[in-house]
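A.B. asks: Next come the chains, spelled out residue by residue.
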Amino acid sequence: AQKVTQAQTEISVVEKEDVTLDCVYETRDTTYYLFWYKQPPSGELVFLIRRNSFDEQNEISGRYSWNFQKSTSSFNFTITASQVVDSAVYFCALSGYRDDKIIFGKGTRLHILP
Amino acid sequence: DGGITQSPKYLFRKEGQNVTLSCEQNLNHDAMYWYRQDPGQGLRLIYYSQIVNDFQKGDIAEGYSVSREKKESFPLTVTSAQKNPTAFYLCASSSGQGPYEQYFGPGTRLTVT
Numbered sequence: 049a050q051k052v053t054q055a056q057t058e059i060s061v062v063e064k065e066d067v068t069l070d071c072v073y074e075t076r077d078t079t080y081y082l083f084w085y086k087q088p089p090s091g092e093l094v095f096l097i098r099r100n101s102f103d104e105q106n107e108i109s110g111r112y113s114w115n116f117q118k119s120t121s122s123f124n125f126t127i128t129a130s131q132v133v134d135s136a137v138y139f140c141a142l143s144g145y146r147d148d149k150i151i152f153g154k155g156t157r158l159h160i161l162p
Numbered sequence: 032d033g034g035i036t037q038s039p040k041y042l043f044r045k046e047g048q049n050v051t052l053s054c055e056q057n058l059n060h061d062a063m064y065w066y067r068q069d070p071g072q073g074l075r076l077i078y079y080s081q082i083v084n085d086f087q088k089g090d091i092a093e094g095y096s097v098s099r100e101k102k103e104s105f106p107l108t109v110t111s112a113q114k115n116p117t118a119f120y121l122c123a124s125s126s127g128q129g130p131y132e133q134y135f136g137p138g139t140r141l142t143v144t
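Protein chains in written order, with my numbering: chain A, 49 to 162; chain B, 32 to 144.
It is worth saying that the hints were derived from the structure and are not from the lab.
Just so it is clear, the structure is predicted and the values come from calculations on it, not from any experiment.
Treat each hint with caution, since some may be false.
Cβ pair distances, simulated, as ranges [stated by the list, open to error]:
hint, chain 1, residue 1, chain 2, residue 2, range
1, A, 112, B, 47, 23 to 33 Å
2, B, 33, A, 100, 18 to 28 Å
3, A, 74, B, 101, 35 to 45 Å
4, B, 104, A, 61, 33 to 43 Å
5, B, 51, A, 66, 39 to 49 Å
6, B, 61, A, 118, 28 to 38 Å
7, B, 53, A, 72, 30 to 40 Å
8, B, 112, A, 61, 11 to 21 Å
9, A, 98, B, 90, 14 to 24 Å
10, A, 157, B, 41, 30 to 40 Å
11, B, 100, A, 126, 38 to 48 Å
12, A, 98, B, 46, 18 to 28 Å
What the simulated footprint calls covered on chain B by chain A, stretch by stretch (three residues with Cβ under 8 Å from a Cβ of chain A suffice, anywhere in the stretch; the number is not a length) [unchecked claim]:
hint, stretch
13, 70 to 80
14, 96 to 105
15, 112 to 124
Virtual Cβ for every residue (Gly too), placed ideally from N, Cα, C.
If we strip away everything but chain A, and leave its shape as in the complex, we get (with noise of 0.2 Å):
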């Protein structure tokens, strides 16, 4: 069975500092897709990355990074020098290559104090 968990239920950090949010899956697929998405305050998820699993390379995007390690299984995000509009839930997913449905973690929610 396919499950996701973040085992960070809630965060709080002071402006300006880095924050990572954990990932961990477990599949017994060979290929398979890991996502992030963004979901501020007005409700609406927000996607943010799809990654495959044959491609473990780091991707940055802005202030925005994430860290894909197989070894660990796990699919970590990190942001550099948090905004206080960075406050949000945050949710990791997965699916497998011939699956129909993606499988959301349960959801970080990230506040950054001013």
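Chain A is fixed; fit chain B onto it per the hints.
C.D. replies: Showing chain B alone in chain A's frame:
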């Protein structure tokens, strides 16, 4: 602008009444999804549809029904059989099944009293 619309943003109903939540997309996506979100529960899949006139049950389909008569529309009916209907409902779409990222609407917050 392309996107997904859900209406209304807030919906109030009396217990025992059926209520239909609207979801429309103009992204020309084949697949559409309905999720329910409760505090601390993450997103749970209710129903999904990969093609017009076809849909499948998700993890928590009991008490809900859907239809997919048009590619751009996927309404969700919360029936009186749903025991705990008060929740935040999110609709999403994707250009394909599985590995494709899903794009979400703004959600409808349903309160049943």
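A.B. asks: Indicate, hint by hint, whether the structure satisfies it.
C.D. replies: Cross-check of the supplied hints:
1. A:112 / B:47: 23 to 33 Å: Violated, since residue 112 of chain A and residue 47 of chain B (Cβ atoms, about 46 Å apart) do not stay within the stated range.
2. B:33 / A:100: 18 to 28 Å: 25 Å, holds
3. A:74 / B:101: 35 to 45 Å: 37 Å, holds
4. B:104 / A:61: 33 to 43 Å: 42 Å, holds
5. B:51 / A:66: 39 to 49 Å: Given range 39 to 49 Å: holds, Cβ gap about 45 Å.
6. B:61 / A:118: 28 to 38 Å: 30 Å, holds
7. B:53 / A:72: 30 to 40 Å: 36 Å, holds
8. B:112 / A:61: 11 to 21 Å: 44 Å, violated
9. A:98 / B:90: 14 to 24 Å: For residue 90 of chain B against residue 98 of chain A, whose Cβ atoms are near 22 Å apart, the range 14 to 24 Å holds.
10. A:157 / B:41: 30 to 40 Å: For residue 41 of chain B against residue 157 of chain A, whose Cβ atoms are near 22 Å apart, the range 30 to 40 Å is violated.
11. B:100 / A:126: 38 to 48 Å: With a Cβ separation near 44 Å, residue 100 of chain B and residue 126 of chain A satisfy 38 to 48 Å, so the hint holds.
12. A:98 / B:46: 18 to 28 Å: 40 Å, violated
13. 70 to 80: holds (count 6)
14. 96 to 105: violated (count 0)
15. 112 to 124: holds (count 3)
Checked against the numbered hints above, the structure violates hints 1, 8, 10, 12, 14; every other hint is satisfied.
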